[in-house]
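Novice: Sequence:
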Amino acid sequence: MAELFWLSDEQWQAIAPFMPTNQPGARRKDDRTILSGILHVIKSGCRWKDCPSDYGPSTTVYNRFNRWSRRRFWTSMLEALAKAGWSGEAAALDSTYVKAQRAAHGGKGGFRKQAIGPSRAGPTTKIHVLTDVIGRPGVIHPTPGNASDVKTAPAVLDQAPGRVRRLIADKGYDADWLRQDLRQQGISVVIPGTRARKRKIRLDKRRYRDRWRVEAVFCRLKDFRRIATRYDKLARNFASALALAAIIAFWC
13 MAELFWLSDE QWQAIAPFMP TNQPGARRKD DRTILSGILH VIKSGCRWKD CPSDYGPSTT
73 VYNRFNRWSR RRFWTSMLEA LAKAGWSGEA AALDSTYVKA QRAAHGGKGG FRKQAIGPSR
133 AGPTTKIHVL TDVIGRPGVI HPTPGNASDV KTAPAVLDQA PGRVRRLIAD KGYDADWLRQ
193 DLRQQGISVV IPGTRARKRK IRLDKRRYRD RWRVEAVFCR LKDFRRIATR YDKLARNFAS
253 ALALAAIIAF WC
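Take 13 as the starting number for the sequence shown in this note's numbering and just add one per residue.
For the record, the hints were derived by calculation from the structure and aren't laboratory data.
A portion of the hints provided could be inaccurate.
Unchecked claim - Here are the simulated lysine to aspartate or glutamate pairs, DMTMM-like style, with alpha carbons at most 25 Å apart:
1) K212 / D193
2) K111 / E227
3) K163 / E227
4) K210 / D193
5) K41 / D66
6) K234 / D193
7) K210 / E227
Said to hold, decoys possible - Computed Cβ-Cβ distance ranges for the label pairs, DEER-style:
8) R214 / P130: 34 to 44 Å
9) N75 / A240: 20 to 30 Å
10) W18 / D188: 48 to 58 Å
11) S160 / K120: 20 to 30 Å
12) E22 / G121: 37 to 47 Å
Keep in mind that this is a model prediction, so the values were computed, not measured.
Positions of the beta carbon are idealized from the N, C-alpha and C atoms, including for glycine.
Input sequences plus hints: build the corresponding full structure.
Specialist: Below, the structure written as structure tokens:
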């Protein structure tokens, strides 16, 4: 059995102000224990029904995660923490794929509605991330795996929790229309050109090296097994798991 995960006092102190208060109904299992159970499932990759009884009934752990996910509670918590702590005006943008296991199939509305798309590796979800100057994710935006990076970039940037004056990204984001749009917004662009370009793009290589920060985010997020492989049928539940993993890994 995987080692049990328990929120530290420091982590709970950072999260507690954002937790719901005055919940109606019968006496309930305390939120700190339930949230530790939710994070145990996300980190270990176990099935919800296999969540250890140390956290309370597995149905209680899942129902609270699912109910608050439906209300966008977890993603709103990440947004609030990122808005309060966003550092600097330089941001890095990139994406990564995760495989959608068979357990993730069958969500209402089909693959595309649930942010799953075809790829050479099979059904996948793409995770787009925007980080601040010290490498903390402020935006995590899941899409179907076949979504275009460059076409998704404006939607990700629109969610930025702080001012972005310089954007660092790889050549997957090289498009004249995007460069022009960013410059009109006062954002300087650090993006290399593709080989197909007739006119070479001048690149600030020193600043481009800072792109490693967003790559490091993917490595840490994928330490959580239910992030490295998607098992959630619903896009909102996978987005919630991403938000919780990011909160614990970077904002607590």
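Novice: State for each hint whether it applies.
Specialist: Hints and how they fare:
Restraint check: the Cα-Cα separation between K212 and D193 comes to about 19 Å, which is no more than 25 Å; the hinted pair holds. The suggested pairing of K111 with E227 holds, with an alpha-carbon distance near 18 Å, which does not exceed 25 Å. Straight-line distance between C-alpha atoms of K163 and E227 comes to about 20 Å, which keeps the hinted pair within the 25 Å bound. This hinted pair checks out: K210 and D193 have alpha carbons roughly 21 Å apart, not beyond 25 Å.
Annotation: proposed proximity of K41 to D66 holds, straight-line Cα distance about 11 Å (limit 25 Å). Among the hinted pairs, K234 with D193 is inconsistent with the structure: their alpha-carbon atoms are about 32 Å apart, more than 25 Å. Restraint check for K210 and E227: the C-alpha separation of about 29 Å exceeds 25 Å, so the hint is violated. Distance hint for R214 and P130: a CB-CB separation of about 37 Å, consistent with the stated range 34 to 44 Å.
Look at N75 against A240: about 25 Å separates their beta carbons, and that is inside 20 to 30 Å. Against the hinted window of 48 to 58 Å, the Cβ-Cβ separation of W18 and D188 comes to about 51 Å, which satisfies the hint. Distance hint for S160 and K120: a CB-CB separation of about 25 Å, consistent with the stated range 20 to 30 Å. Take E22 and G121: their Cβ atoms lie about 40 Å apart, and the range 37 to 47 Å holds.
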